[in-house]
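> Place chain B on chain A using the hints.
Protein chains: 2
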Amino acid sequence: MAMEVSNKENEVETSTDLKTNYRNFPMVPRVIFGNGCFGQLGEILLPKRKSVEAPIIFLIDDVFEGTPLISRIPLFPNDLIIFISAEEEPKTDQVDFLVEQIRSEYKEIPSGIVGIGGGTLLDLAKAVAIMLNNEGKAQEYQGWDLVKKPSIYHVGIPTISGTGAEVSRTTVLMGPEKKLGINSDYTTFDQVILDPDLTKGVSKEQWFYTGMDCFIHCVESLDGTFLNAFSQSYGEKALELCKEVFLGELEDSESRDKLMMASWHGGMSIAYSQVGVAHAMSYGLSYLLGVRHGIGNCLVFQYLEEFYPKGVAMFNKMIEKHNITLPKGVCRDLTDSDFKIMTNVALSLEPLWENALGVEWKKHISPEKLRSIYQKI
Amino acid sequence: MAMEVSNKENEVETSTDLKTNYRNFPMVPRVIFGNGCFGQLGEILLPKRKSVEAPIIFLIDDVFEGTPLISRIPLFPNDLIIFISAEEEPKTDQVDFLVEQIRSEYKEIPSGIVGIGGGTLLDLAKAVAIMLNNEGKAQEYQGWDLVKKPSIYHVGIPTISGTGAEVSRTTVLMGPEKKLGINSDYTTFDQVILDPDLTKGVSKEQWFYTGMDCFIHCVESLDGTFLNAFSQSYGEKALELCKEVFLGELEDSESRDKLMMASWHGGMSIAYSQVGVAHAMSYGLSYLLGVRHGIGNCLVFQYLEEFYPKGVAMFNKMIEKHNITLPKGVCRDLTDSDFKIMTNVALSLEPLWENALGVEWKKHISPEKLRSIYQKI
Chain A
1 MAMEVSNKEN EVETSTDLKT NYRNFPMVPR VIFGNGCFGQ LGEILLPKRK
51 SVEAPIIFLI DDVFEGTPLI SRIPLFPNDL IIFISAEEEP KTDQVDFLVE
101 QIRSEYKEIP SGIVGIGGGT LLDLAKAVAI MLNNEGKAQE YQGWDLVKKP
151 SIYHVGIPTI SGTGAEVSRT TVLMGPEKKL GINSDYTTFD QVILDPDLTK
201 GVSKEQWFYT GMDCFIHCVE SLDGTFLNAF SQSYGEKALE LCKEVFLGEL
251 EDSESRDKLM MASWHGGMSI AYSQVGVAHA MSYGLSYLLG VRHGIGNCLV
301 FQYLEEFYPK GVAMFNKMIE KHNITLPKGV CRDLTDSDFK IMTNVALSLE
351 PLWENALGVE WKKHISPEKL RSIYQKI
Chain B
1 MAMEVSNKEN EVETSTDLKT NYRNFPMVPR VIFGNGCFGQ LGEILLPKRK
51 SVEAPIIFLI DDVFEGTPLI SRIPLFPNDL IIFISAEEEP KTDQVDFLVE
101 QIRSEYKEIP SGIVGIGGGT LLDLAKAVAI MLNNEGKAQE YQGWDLVKKP
151 SIYHVGIPTI SGTGAEVSRT TVLMGPEKKL GINSDYTTFD QVILDPDLTK
201 GVSKEQWFYT GMDCFIHCVE SLDGTFLNAF SQSYGEKALE LCKEVFLGEL
251 EDSESRDKLM MASWHGGMSI AYSQVGVAHA MSYGLSYLLG VRHGIGNCLV
301 FQYLEEFYPK GVAMFNKMIE KHNITLPKGV CRDLTDSDFK IMTNVALSLE
351 PLWENALGVE WKKHISPEKL RSIYQKI
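Those sequence lines, one after another, are chains A and B. Per the working numbering, residue 1 is the first one in the first sequence, and the count goes up by one each step. Per the working numbering, residue 1 is the first one in the second sequence, and the count goes up by one each step.
Chain A on its own, in the form it takes in the complex (with noise of 0.2 Å):
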């Protein structure tokens, strides 16, 4: 079964890559922190609205539909705002569509995307920034470095915090034959607003599994064989950020702040280290099973004590803390070929392994030994 599958995170090919030839990272060149900056961007889109014909076009997470928020937006007479549901990840053609949907509208090329909402939004907007500028077809930019143009101007405001796309540079998207990034300098945004008053509708149950996305990544990363000084320094606040919120006693408002710090930081981690063996696995349920990315890593965590006993530690007691439920017999009937295509997926993803467990680690792992822990979950 030929099948190409990466993750977000999954930027570094090898480990000696990373030795010999360190990244270049391109950082988030202008950031905006406090509650109810959002209130600044029309201030901040002005300058870069370069004509009538050029509108801003708003991406938003349809739960926003009719809420006080889209009152909020700096809208323009010629600006768009397009609501999408998070409910999928996003699609290659998804993002395609949009462009086109955009280009037949306008004359000119936007001046700029804003992106609003969690994950599935800000990739979004990142793909759409890039391929309002580049020919062709999405699907044709996954990888890394292929793209030639760089991206029209682009927004970040994130509404649910854990996720890390608000400072990666990549845009995860799942195309007609990969879920691939396109892993890109033009993929970053140029302007991020970190607004916590923003996450305050989210629920416990998003707002949980979102934040174990961040928290489930740091400890993947220190635990890595990767690391260096500066991702781990970003990594450790991030984990020490997160504790904080999901087993600390902190008011709602310090919480939120903190959450989206530590996603914030935990983004910025990943420059410099690679994720393990959760996030593997979570990519064959995602792969096999369309589960999200941020309960599949929760859902394979659990069972992870023998990797991460100090992580699945915590994890546990954040679980008992919050009163999460995780679902159950998610693989019960599941057939043997369900489980090969899972655990052949988990396992391409070998850098991630050779993160976790060395570079001899096809000695540390089998496909049978991941069978067992996919059947508990």
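One should not assume that every hint holds.
Same chains, same label: a pair holds when it works inside one copy or across any pair of copies.
Claimed, not checked - With a straight-line cut-off of 25 Å between C-alpha atoms, the simulated DSS-like cross-links for lysine-lysine are:
(1) Lys148 / Lys48
(2) Lys328 / Lys376
(3) Lys310 / Lys149
(4) Lys178 / Lys48
(5) Lys50 / Lys149
(6) Lys149 / Lys48
(7) Lys148 / Lys50
(8) Lys137 / Lys178
Because the hints were derived from the structure by calculation, they are not lab data.
Chain B alone, transformed into the frame defined by chain A:
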């Protein structure tokens, strides 16, 4: 006596300013970290080179003259190396002189400026990059957001850790009338190269005093009233790394890595925070006696147990552990008028006092109190 003094961290004018209108902070858009990554400078500069007539200018601390580092500079035929002493603080007329020298030697504006050294060299590189693209004299741009045109491409390569100059949006210059930063979004480096190996040759005293610049900065900002979660998270991580470096038992290599990251995070924490009593008083010392920033902070900080009890206790442990002997009797022979000058300079830095002691700071501090501290130094 009319005077205007500011410091590199002194960008937020008042606490009100911070609470109602959040700064849209410019981050360094490109950073590379790793031992030996200095070797990638050539490939990083290559796409920035516009023509033979538009060279790269390297401003380098003259302690490196004749050392192996110089042979590693990726020099093109028309490029220029200018060695500069970091013995004295950078001056506006020094910037003007450098700009004049570069303009007279080349027909075109250079393709880029690379600063290699400590805070002085980094600040000079930033200022020269600004002035090569802007009219008039450097002193005309001291202040906030006075720079009209973008600076030319400029790269910062620190060879000592602690100043935070590698990430800040200011360049502090001694002008004919005032010591004040050119605070501007155009000041921030376009690229930073963090190669901890470059800090190998630093003397123990310099290492300590410059590291304490970061440590004291963090104590002051974390203890202050201007903080938000963004700056707090960076400041906490920087402080933690300082503790590891100066009180832990690290290998030399790990210690260099971590101090470089402490400086980086400490610099980032400036975004939404402010320094306090030590920096204010240190500026008095610097103004009257020309005491360098790093050692000046230490001279003052040792006597601030009343304001920062935990921080000063930790500082004393660090001094002891590394057998640092601070100069004594620095203010022994000063006159009444001298003390008045220092006290006035320190008290003129109002945002620092407000940060340290709250809006009613004037009730808690007096010229006599400051003098009594200065007299101990």
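> Hint by hint, note whether the structure agrees.
Evaluation of the provided hints:
{"no.": "1", "hint": "Lys148 / Lys48", "in the structure": "both (22 Å within a copy, 17 Å between copies)"}
{"no.": "2", "hint": "Lys328 / Lys376", "in the structure": "within (8 Å within a copy, 69 Å between copies)"}
{"no.": "3", "hint": "Lys310 / Lys149", "in the structure": "neither (45 Å within a copy, 52 Å between copies)"}
{"no.": "4", "hint": "Lys178 / Lys48", "in the structure": "neither (35 Å within a copy, 35 Å between copies)"}
{"no.": "5", "hint": "Lys50 / Lys149", "in the structure": "both (19 Å within a copy, 19 Å between copies)"}
{"no.": "6", "hint": "Lys149 / Lys48", "in the structure": "both (19 Å within a copy, 16 Å between copies)"}
{"no.": "7", "hint": "Lys148 / Lys50", "in the structure": "both (23 Å within a copy, 19 Å between copies)"}
{"no.": "8", "hint": "Lys137 / Lys178", "in the structure": "within (14 Å within a copy, 57 Å between copies)"}
Figure legend: structure checked against the earlier numbered hints; hints not met, in rising order: 3 and 4.
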